[in-house]
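A.B. asks: Listed here are the chains, written in short residue letters.
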Amino acid sequence: MSALPITEADLQAWVDAALPEARRAEVEDWLAAQPAEAERVRAYREQKQALRSLFDPVLDEPLPENLSALASPPPGAAIERPPKPLLERWSLQRFAAGVLIALVSGLAGWMVHDRYPSAENLARTSPLPHQAAVAHAVFSPDVRRPVEVGAENEDQLVAWLSKRLGTPVRPPKLGSLGFELIGGRLLPGNSGPVAQFMYQDATGQRLTLYVSTENATNQDTAFRFAKEGQVNVFYWIDGKFGYALSAGIDKGKLARIATAVYDQLDRK
Amino acid sequence: MDSRAILAEIPRLRRYARAMLGDRAAADDLVQDTLERAWSRLFQWRPGSDMRAWLFGIMHNLRVDQLRRPKLATQSIDEDDFDVPTRPTQTDELELRDIESALNHLPDEQREVLLLVALEEMGYADIATTLGIPVGTVMSRLSRGRERLRLIMNGDNANARLRVVR
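In the order they appear, the protein sequences are chains A and B.
So in our numbering, the last spot in the first sequence is 268, and the numbers never skip.
So in our numbering, the last spot in the second sequence is 166, and the numbers never skip.
So that you can see chain A by itself, here it is in the shape it has in the complex:
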């Protein structure tokens, strides 16, 4: 016999009466000689029948109102607009305009790129007060572990943070202003480690000094002030260093402390 071998797909198609007449005859001849297989596919046909008898009554159930109502567009439904074909959206004029804008802005960008810090540098320096304020808000309320290394090990703290930041850093002394060092920790900055020193006064008021070495523009700035929620922040850039002093204390008092910090920093 030259007929193709009977496959499982043929048997399934036989169950569903989906075979062409000639093939159906071949399958039935084969089944006649295979009682077990014949029994199996008959069971499949019975399943199909049973499922129909079980679920067909659903067809005659009256439709719930919410469903029959949906045979029409729902009122006020947000019907999405079809996306227009690409060519239609990109008319020639618009395309030309786009090219012109790109050319002009590219040229302008090239002309001014030396005069202004790049967007990347701005992005890197501007969040300094924000980062400092968040770090302050996260760690300063911590009663049990506000710092990683305590002030009793100040030498270790200084050596460790200097090593990790790759440059000497030293916490200023603020005792004359009523704030004593309680320690410090290492934090992740935008592109590397930053240091946080924490101080506390007799009332338990905490103050943090955030020291970053990520400033790439090397443009010194004067003191600047920012307020993030309850946290006041004085910050400034000194060479590659960015400093931010954060506390929930009033601006005037914080400014005096910032000045004291500034005065103690090593001048190059």
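Keep in mind that the hints are not guaranteed to be accurate.
To be verified - Computed spacing ranges between beta-carbons, pair by pair:
#, chain 1, residue 1, chain 2, residue 2, range
1, A, 96, B, 44, 42 to 50 angstroms
2, A, 62, B, 46, 56 to 64 angstroms
3, A, 97, B, 4, 45 to 53 angstroms
4, A, 127, B, 47, 51 to 59 angstroms
5, B, 46, A, 229, 51 to 59 angstroms
6, B, 47, A, 62, 39 to 47 angstroms
7, A, 34, B, 5, 41 to 49 angstroms
8, A, 63, B, 136, 30 to 38 angstroms
9, B, 136, A, 34, 20 to 28 angstroms
10, A, 62, B, 121, 18 to 26 angstroms
11, A, 5, B, 121, 20 to 28 angstroms
12, B, 101, A, 229, 36 to 44 angstroms
13, A, 61, B, 46, 27 to 35 angstroms
The hints are simulated quantities; they were obtained by calculation from the structure and are not laboratory data.
Ideal placement from N, C-alpha and C gives every residue a C-beta, glycine not left out.
We have chain A; now place chain B onto it with these hints.
C.D. replies: Same frame as chain A, but now just chain B:
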């Protein structure tokens, strides 16, 4: 898409959803979601194409979304690895003979194909399009689903075919 044509499809959508989900309210909710999405995506409907396949496709996708949402791993590890789901079935001999509960013991993928064939009498190629899977996958799911259903209905070696998945 005119209202009469869509109205004619609603009972079929309900029947299929009821068979898939078992629960009447959940099934009608699925139909409602399907119709709402169909109206909001009307632009995707190509006039002259098979509206039923389009609607069932929408329903299928909604169901897949629903299954993904509450739990991450709802798909069986591999259709080939299990012959019978793993719920303890010792006391269920009688229940298992009932085709409705037997149906609920099939993996979703198999039940879906089985029902589209049995209730909707869709062609294999149409099912493949509706579900977005190859025809070969339709055939293997159909074949496995039918065989599993048969074994469960026979109630004989359902447990014997349970394999330990390491």
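A.B. asks: Quick check on a hinted range of 51 to 59 angstroms for residue 46 (chain B) and residue 229 (chain A), using CB atoms only.
C.D. replies: At roughly 54 angstroms between Cβ atoms, residue 229 (chain A) and residue 46 (chain B) fall inside 51 to 59 angstroms, so the hint holds.
A.B. asks: May I ask you to test the hint 36 to 44 angstroms on the CB atoms belonging to residue 101 (chain B) and residue 229 (chain A)?
C.D. replies: 58 angstroms, violated
A.B. asks: With 18 to 26 angstroms as the target window, see if residue 62 (chain A) and residue 121 (chain B) comply at their CB atoms.
C.D. replies: 24 angstroms, holds
A.B. asks: Measuring from beta carbon to beta carbon, are residue 96 (chain A) and residue 44 (chain B) in 42 to 50 angstroms?
C.D. replies: At roughly 32 angstroms between Cβ atoms, residue 44 (chain B) and residue 96 (chain A) fall outside 42 to 50 angstroms, so the hint is violated.
A.B. asks: Falls inside 39 to 47 angstroms, the C-beta gap from residue 47 (chain B) to residue 62 (chain A)?
C.D. replies: 30 angstroms, violated
A.B. asks: Using the C-beta atoms of residue 97 (chain A) and residue 4 (chain B), is the stated range 45 to 53 angstroms upheld?
C.D. replies: Given a distance of about 47 angstroms, which is inside 45 to 53 angstroms, the answer is holds.
A.B. asks: Between residue 61 (chain A) and residue 46 (chain B), does the C-beta distance stay in 27 to 35 angstroms?
C.D. replies: 31 angstroms, holds
A.B. asks: Assuming the hint says 20 to 28 angstroms, is it satisfied by the Cβ distance from residue 136 (chain B) to residue 34 (chain A) or not?
C.D. replies: Between residue 136 (chain B) and residue 34 (chain A), where Cβ atoms are some 24 angstroms apart, the hint holds.
A.B. asks: Measuring from beta carbon to beta carbon, are residue 34 (chain A) and residue 5 (chain B) in 41 to 49 angstroms?
C.D. replies: For residue 5 (chain B) against residue 34 (chain A), whose Cβ atoms are near 44 angstroms apart, the range 41 to 49 angstroms holds.
A.B. asks: For the range 20 to 28 angstroms, tell me whether the beta carbons of residue 5 (chain A) and residue 121 (chain B) fit it or not.
C.D. replies: 27 angstroms, holds
A.B. asks: That 30 to 38 angstroms hint for residue 63 (chain A) and residue 136 (chain B) (C-beta), does it hold up?
C.D. replies: For residue 136 (chain B) against residue 63 (chain A), whose Cβ atoms are near 37 angstroms apart, the range 30 to 38 angstroms holds.
A.B. asks: Just to be sure I understand the hint, the distance between the Cβ atoms of residue 62 (chain A) and residue 46 (chain B) should be within 56 to 64 angstroms; is that true here?
C.D. replies: Given range 56 to 64 angstroms: violated, Cβ gap about 32 angstroms.
The structure fails to meet hints 1, 2, 6, 12 from the earlier list, while all remaining hints are met.
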